[in-house]
Amino acid sequence: MITIIDYGLGNIQAFVNVYRRLHIPVAVAQTAAQLDGATKLILPGVGAFDHAIERLDASGMRSTLETLVQEHKVPVLGICVGMQILANSSEEGSLPGLGWVPGCVRSFKSVPDLTDLPLPHMGWNDVASLGDNALFKGFEEEARFYFLHSFFFDCEHVQHRAAMSSYGLEFSCAVQAGNVYGVQFHPEKSHHFGVGLLKNFAEL
Amino acid sequence: MLRPRIIPCLLIQDGGLVKTVKFKDPKYVGDPINAVKIFNEKEADELIVIDIDATAHGVEPNYTQIAKLAAECRMPLCYGGGIRTALQAKKIIQLGVEKVAISSAALENPQLVTQIAEEIGSQSVVVVLDHKSRLLSKHQEVWTHNGTRNTKRSVLEVAQELEKLGAGEIVLNSIENDGKMKGYDLDLAAKLRAAVHIPITILGGGGSLEDMASVVKTCGVVGVAAGSFFVFKGAYRAVLISYPSAQQKDDIIYSALRAR
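Read top to bottom, the protein sequences are chains Y and F.
Last residue of the first sequence: 204 in my numbering, with the numbers rising by one and none dropped.
Last residue of the second sequence: 260 in my numbering, with the numbers rising by one and none dropped.
Hints may be right or wrong, so weigh each one.
[Unchecked claim] Partial list, computed: chain Y residues near chain F (C-beta under 10 Å):
(1) His51
(2) Val81
(3) Leu117
(4) Met122
(5) Cys155
(6) His157
It is worth saying that the hints were derived from the structure and are not from the lab.
Given the structure is predicted, the values throughout are model-derived calculations rather than measurements.
Glycine included, every Cβ here is placed at the ideal spot set by N, Cα and C.
Looking at chain Y on its own, in the form it has when it is part of the complex (with noise of 0.2 Å):
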């Protein structure tokens, strides 16, 4: 059973349609009885990396979540914010992220020479995968995902990178470290790239 996790950040709804439509089971949890007899996660998120990372805590689901992903290794998909919090920490915050995937998430506007790149980076984007990630598996050479931020991951090691995509310098717009998945575009609004990426997500 693929769970998303609903914390009140993100579009629930779309992730639900895009598996019902391709007849995968699937739940929602808002409380943390309903994790129970979940072997995927989706962990969505938009907006201010605080406020996910508070939002979370306030759920409730937290720590049986770090429990499923840390010690049963129940692989989890991070999406756009929901990705960026499985750093450790944010430059758009202060508060420390779930540090699931070392690194850190980093502004466009600090970087040197990208002051003029108008943000946030909005709209289709190629992505490249590296290696054979399987969130990729069987992708046409120019897959392309919907984005929409202002910040980016910034992998401390680079065997977590899993995916590139280019805007003003290079990022990581995919990231995993063994069962822990993040992608920072939205796949759920990404058309057939989108679906395809989900639905490999499920037969992981």
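Please build the complex by placing chain F on the supplied structure of chain Y, with the hints as guidance.
Here is chain F on its own, set in the frame of chain Y:
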């Protein structure tokens, strides 16, 4: 490469889809959900949906309809019409909409842009500036309430002010060009691109893919939106919803970007 966004802009009145000319004479063109389904199939880059009654009549956004649209929509959705508070904006985002568009309310109360940005993040705050010039003047001013009230303020000045207050995107919408399908106001588009550091989308006047390519040639990677172009076909404006193929976008729109 980040690509220019080719965006159908759908207008809603009394729950139905309409298309106007110069913001007047709304013509019924079909059911919004049906249109969204077609744009899903065609893999449109993004959708803008504006309820043109909500602000003009001062009513609440129609949350039931927004929820249905958001659930159906498999591409990013921007919704506008009747949003006057940060709470309303937040509620709409929670229904599964990616971006909210505000116009009249932002002109009356610019602080609202900041309040909404704090609630949902700048990246989801879109300001739509409806503009036209006064008789015998080239100076483009911002109009509100569906093109009925002139704020007498310069469109570029307003765009810069609202960017500072937290807007994440500006949609420039030409009242004079609306429904005419004779091409965009490229001069103003270029000036806006130079004036702000946030994404912009140009709307009003698009009648062909070549018109859209001209915007990209002039401004680079921006959003290019249209209404009539995606809902009418032929000289008699028969209703037929369409969207260019990936190949057409590459041949005409992206090639204009590569040629810059």
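Hints and how they fare:
1. Proximity of His51 of chain Y to chain F holds as hinted, the smallest CB-CB distance being about 8 Å (cut-off 10 Å).
2. A distance limit of 10 Å between C-beta atoms decides the matter here; for Val81 of chain Y the minimum to chain F is near 8 Å, and the interface restraint holds.
3. Here the hint on Leu117 of chain Y is kept, as its CB sits about 8 Å from the closest CB of chain F, short of 10 Å.
4. Among the interface hints, the one on Met122 of chain Y holds; its C-beta lies about 4 Å from the nearest C-beta in chain F, closer than the 10 Å criterion.
5. At about 21 Å, the closest approach between the beta carbon of Cys155 of chain Y and any beta carbon in chain F exceeds 10 Å, and the interface hint on this residue is violated.
6. With 10 Å as the threshold, the beta carbon of His157 of chain Y stays out of range of chain F, its nearest partner Cβ sitting at about 27 Å, so the hint is violated.
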